[in-house]
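*Asks:* Sequence:
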Amino acid sequence: MYKKGFANLMVVIIVILVSVAGYFVLTGKKTEAPVDVVPSTPQLTATTTSQTQVATTSTEEIIIIQNIIQNWDNLQTNIPFSPVLGSVVWNSPSEFKFIGNNQVLVGFDDGHIVGASIFKFNNNNNIEYITAFLNKDKEQWAIWAKANADMSANNYTRQVVRNGKFVNFSDWTMVPENQFEWLYTQNDPETMSIKIFLVDPRHMNEPPYDCTKTVAVERKISKTQEVARAALTELIKGATQNEIDQGFFSNINAGVKIQSLSIKNRIAKVDFNEQLQAGIGGSCATSAIRSQIRETLKQFLTVDNIIVSINGRIEDILQP
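In case it helps, the numbering used here puts the sequence shown at residues 19 to 338.
Any given hint could be a false lead.
Quick list of in silico lysine-lysine cross-link-like pairs, DSBU-like style, CA-CA up to 30 Å [unchecked claim]:
#  : residue 1 : residue 2
1  : 287       : 241
2  : 238       : 282
3  : 287       : 231
4  : 255       : 275
5  : 231       : 275
6  : 231       : 213
7  : 282       : 241
8  : 282       : 255
9  : 183       : 241
10 : 316       : 183
11 : 287       : 213
12 : 238       : 287
13 : 238       : 316
14 : 213       : 316
The following label-pair restraints were derived from C-beta to C-beta distances [as the list claims (entries may be wrong)]:
#  : residue 1 : residue 2 : range
15 : 109       : 183       : 20 to 26 Å
16 : 187       : 322       : 54 to 60 Å
17 : 145       : 272       : 49 to 55 Å
Keep in mind the hints are simulated off the structure, nothing from the lab. For glycine and all other residues, C-beta sits at the position ideal for the given N, C-alpha and C.
Using the sequences provided together with the hints, build the complete structure.
*Replies:* Printed below as a string of structure tokens:
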């Protein structure tokens, strides 16, 4: 009887111990579960890195360059000054310089005057206009550059001058040369160079006797935005003594006046007074006059065709 009671007691104790052990096993699993819910640190670190990474590789800079070129028509509307001589848009950029602080200096021109604009970019390649300078704005550039001293030297171009020769690249290339030297150097701010075209008699007097052949000579003039008119004004002044000594001359009469000049849709229209054809005879002389005027105007990239008139007349002028 005693043994039977003791056996029953042991069964009860074992059942209690098993129940207690089961309870702690179950509650232990419940307290461990929240450990896996804590957000993983690598995800937060990756996000922070992507937000603060601003340095660019050359590949990323090429992408930014391509982005600016593709959107140039829209971006250039921010530039506060306009092309000259009837042009309405600036040519596609020709130089780029990454100047730090996620900013890039962009060089452009209209075939006559040169400018530079500064744009800011971010990691999404969004481009924001900052400011712009003309080639005469060295003082404004100096002020800006001093306030933005982080000037790296990543220059990109597709053409550079080395040892006096042009070197061309098939794509945008990083070069050591400073393509924006005009923004740093103090050239004569009051003058500029243009060309006029004079007659070379060797082409008239030797086979194949081409009276339209001309030769370019350089003239230095006061800086102006009306460079086409200035070039024609130099042309009608005639050849200098030095040019005459070289054998060149002009078939354009003294006393010729420019009555009007316009350039639109790449067509230059110029009207002269009657003196342009006074006393002129022969097909060679009239061909030379037309050629001198035409070549002097066609040196400008905004001009493809020229219409010459005298007192508004086109058809009956400069006849042989």
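*Asks:* Check the following: the C-beta atoms of residue 145 and residue 272 are separated by a distance inside 49 to 55 Å.
*Replies:* About 54 Å separates the Cβ atoms of residue 145 and residue 272, which means 49 to 55 Å holds.
*Asks:* Between residue 238 and residue 287, does the CA-CA distance stay at or below 30 Å?
*Replies:* 24 Å, holds
*Asks:* Does residue 231 lie within 30 Å of residue 287 when you go C-alpha to C-alpha?
*Replies:* Holds - the C-alpha atoms of residue 231 and residue 287 are around 22 Å apart, at most 30 Å.
*Asks:* Hey, residue 231 versus residue 275, does the alpha-carbon distance stay inside 30 Å?
*Replies:* 24 Å, holds
*Asks:* Given the proposed pairing of residue 255 with residue 275, does the C-alpha separation stay at or below 30 Å?
*Replies:* 10 Å, holds
*Asks:* Holds or violated: the 54 to 60 Å window for the beta-carbon distance between residue 187 and residue 322?
*Replies:* Given a distance of about 27 Å, which is not inside 54 to 60 Å, the answer is violated.
*Asks:* Between residue 238 and residue 282, is the straight-line Cα distance small enough, at 30 Å or below?
*Replies:* Holds. Residue 238 to residue 282 sits at ~26 Å (cutoff 30 Å).
*Asks:* Are the Cα atoms of residue 282 and residue 241 separated by 30 Å or less?
*Replies:* 22 Å, holds
*Asks:* Taking only the CA atoms, is the gap from residue 238 to residue 316 under or equal to 30 Å?
*Replies:* 18 Å, holds
*Asks:* For residue 287 and residue 241, compute the direct alpha-carbon distance and say whether it is at most 30 Å.
*Replies:* 22 Å, holds
*Asks:* Does residue 287 pair with residue 213 here, judged by a C-alpha cut-off of 30 Å?
*Replies:* Status holds; Cα separation ~19 Å.
*Asks:* Within a Cα-Cα threshold of 30 Å, do residue 213 and residue 316 meet the stated pairing?
*Replies:* OK: residue 213 and residue 316 at ~10 Å, within 30 Å.
Comparing the model with each numbered hint stated earlier shows that hint 16 is the single one that does not hold.
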